[in-house]
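Novice: From these two lone chains plus the hints, build me the complex, please.
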Amino acid sequence: GNSVTQMEGPVTLSEEAFLTINCTYTATGYPSLFWYVQYPGEGLQLLLKATKADDKGSNKGFEATYRKETTSFHLEKGSVQVSDSAVYFCALSNFNKFYFGSGTKLNVKP
Amino acid sequence: DGGITQSPKYLFRKEGQNVTLSCEQNLNHDAMYWYRQDPGQGLRLIYYSQIVNDFQKGDIAEGYSVSREKKESFPLTVTSAQKNPTAFYLCASSILNDEQFFGPGTRLTVL
Numbered sequence: 011g012n013s014v015t016q017m018e019g020p021v022t023l024s025e026e027a028f029l030t031i032n033c034t035y036t037a038t039g040y041p042s043l044f045w046y047v048q049y050p051g052e053g054l055q056l057l058l059k060a061t062k063a064d065d066k067g068s069n070k071g072f073e074a075t076y077r078k079e080t081t082s083f084h085l086e087k088g089s090v091q092v093s094d095s096a097v098y099f100c101a102l103s104n105f106n107k108f109y110f111g112s113g114t115k116l117n118v119k120p
Numbered sequence: 011d012g013g014i015t016q017s018p019k020y021l022f023r024k025e026g027q028n029v030t031l032s033c034e035q036n037l038n039h040d041a042m043y044w045y046r047q048d049p050g051q052g053l054r055l056i057y058y059s060q061i062v063n064d065f066q067k068g069d070i071a072e073g074y075s076v077s078r079e080k081k082e083s084f085p086l087t088v089t090s091a092q093k094n095p096t097a098f099y100l101c102a103s104s105i106l107n108d109e110q111f112f113g114p115g116t117r118l119t120v121l
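Sequences listed follow chains A and B, in order. Letter by letter, the first sequence follows residues 11 to 120 of our numbering. Letter by letter, the second sequence follows residues 11 to 121 of our numbering.
Just chain B, with the same shape it has in the complex (with noise of 0.2 Å):
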């Protein structure tokens, strides 16, 4: 059955600690994206990768780093730097220019 998985779904973080989400497909999509979701607000774009050991950021990436060492996985990592972490985090993959299929998401919460 593909698609793709979050976890863990719900995480909660202390001031000052760095947080990394996962995020699997099994879709064999080469693009991967990370989009943050504040209450009652669309969809930011934190960073995106178009293909394995490589990746851009997108329009918040302060605060927050990827990695892509395999096809199949990209994690995100909430950092202490990023002052505001508490958001809705979706992961989201696709063929180049076409739709995204979009995981569970992943609730952070701070303490």
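The shape of chain A in the complex, shown without the other chains (with noise of 0.2 Å):
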């Protein structure tokens, strides 16, 4: 079947410090993968997404790289900032169907 993991937070770093945030999968075929963010009280939003292996998507100073090899799709900035604490979303889509992982929960301190 198709599912989506990624780690529990809350993950709490400091201002300027390196995020990764780990996104593994499990699909049948070739599924798209994408990362969303959503702040407090609002709707989800794209962050960037992937449709190929090896394909890096980018967005905001935001990366992640669809690696078929370890079905992966971690998400990394190297500096993050205060605006940046949101929930993080890992998702896939494959067949017309959409699955979400849990969600992380970033806060970034000053």
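Everything labelled a hint here was simulated from the structure, so no lab data went into it. Ideal placement from N, C-alpha and C gives every residue a C-beta, glycine not left out. Keep in mind that a hint or two might mislead.
Computed footprint of chain B on chain A; a stretch qualifies when at least three of its residues, placed anywhere within it, have a C-beta under 8 Å from a C-beta of chain B [what the hints assert, rightly or not]: (1) 40 to 53; (2) 75 to 85.
Mimicking SDA-like on lysine to any residue, the simulated pairs with C-alpha atoms at most 25 Å apart in a straight line are [to be verified]: (3) LYS67/B x LYS70/A; (4) LYS78/A x SER42/A; (5) LYS19/B x SER93/A; (6) LYS81/B x THR15/A; (7) LYS19/B x LEU56/A; (8) LYS107/A x PRO85/B; (9) LYS107/A x ASP48/B; (10) LYS59/A x GLU109/B; (11) LYS70/A x THR22/A; (12) LYS78/A x PRO85/B; (13) LYS59/A x GLY12/B; (14) LYS81/B x ASN106/A; (15) LYS107/A x LEU121/B; (16) LYS107/A x GLN66/B; (17) LYS107/A x GLY68/B.
Specialist: If you want it as structure tokens, here you go:
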């Protein structure tokens, strides 16, 4: 079947620290992979995506690489800001269905 | 300006009442979805529709109903059969097999 597993939070970092949020997936075929961000009281916003193996998605300093050999799509950012505090969801799309991870809360302290 | 709108932003329901949450999109997307989110939790799929006049149950459809009479609209009714409806409800739309676009959400509280 299809599923997404991401690291449990909360993740607490100081400003300018390096961020990694792990995401692994199980899927048949060739899924597309996504990272979404949710700020308090709001809907989800697409952060980045990758549609095939070895693709790197990037946006606003965040990056993730579609690794088929390790079935992973880890989110990274070199230097986090307080404004990056939010909940991050990893997701996959396969055969017209979407599957979300459980979300990882990121707290960035000044 | 294309996007998804949900209304109202906040909704209060008395015990035994049905309430309807609105979701409209002008992105010309075929697929639309309803999710429920409880505090500190992930998303759970309630219903989805891939074409007008057709929809399928998601993982937690009991106590909810939907209609898809127009491509742009996918309203969700929370019926009195839903015993614990207090939650944040999110609507989304997509081109099939591509990214989902989300609305701002409706927070439903049972009084």
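Novice: Now tell me, hint by hint, if it's right for this structure.
Specialist: Cross-check of the supplied hints:
no.: 1; hint: 40 to 53; verdict: holds (count 6)
no.: 2; hint: 75 to 85; verdict: violated (count 0)
no.: 3; hint: LYS67/B x LYS70/A; verdict: violated (36 Å)
no.: 4; hint: LYS78/A x SER42/A; verdict: holds (11 Å)
no.: 5; hint: LYS19/B x SER93/A; verdict: holds (24 Å)
no.: 6; hint: LYS81/B x THR15/A; verdict: violated (33 Å)
no.: 7; hint: LYS19/B x LEU56/A; verdict: holds (21 Å)
no.: 8; hint: LYS107/A x PRO85/B; verdict: holds (20 Å)
no.: 9; hint: LYS107/A x ASP48/B; verdict: holds (21 Å)
no.: 10; hint: LYS59/A x GLU109/B; verdict: holds (8 Å)
no.: 11; hint: LYS70/A x THR22/A; verdict: holds (20 Å)
no.: 12; hint: LYS78/A x PRO85/B; verdict: violated (38 Å)
no.: 13; hint: LYS59/A x GLY12/B; verdict: holds (20 Å)
no.: 14; hint: LYS81/B x ASN106/A; verdict: holds (17 Å)
no.: 15; hint: LYS107/A x LEU121/B; verdict: violated (35 Å)
no.: 16; hint: LYS107/A x GLN66/B; verdict: holds (12 Å)
no.: 17; hint: LYS107/A x GLY68/B; verdict: holds (11 Å)
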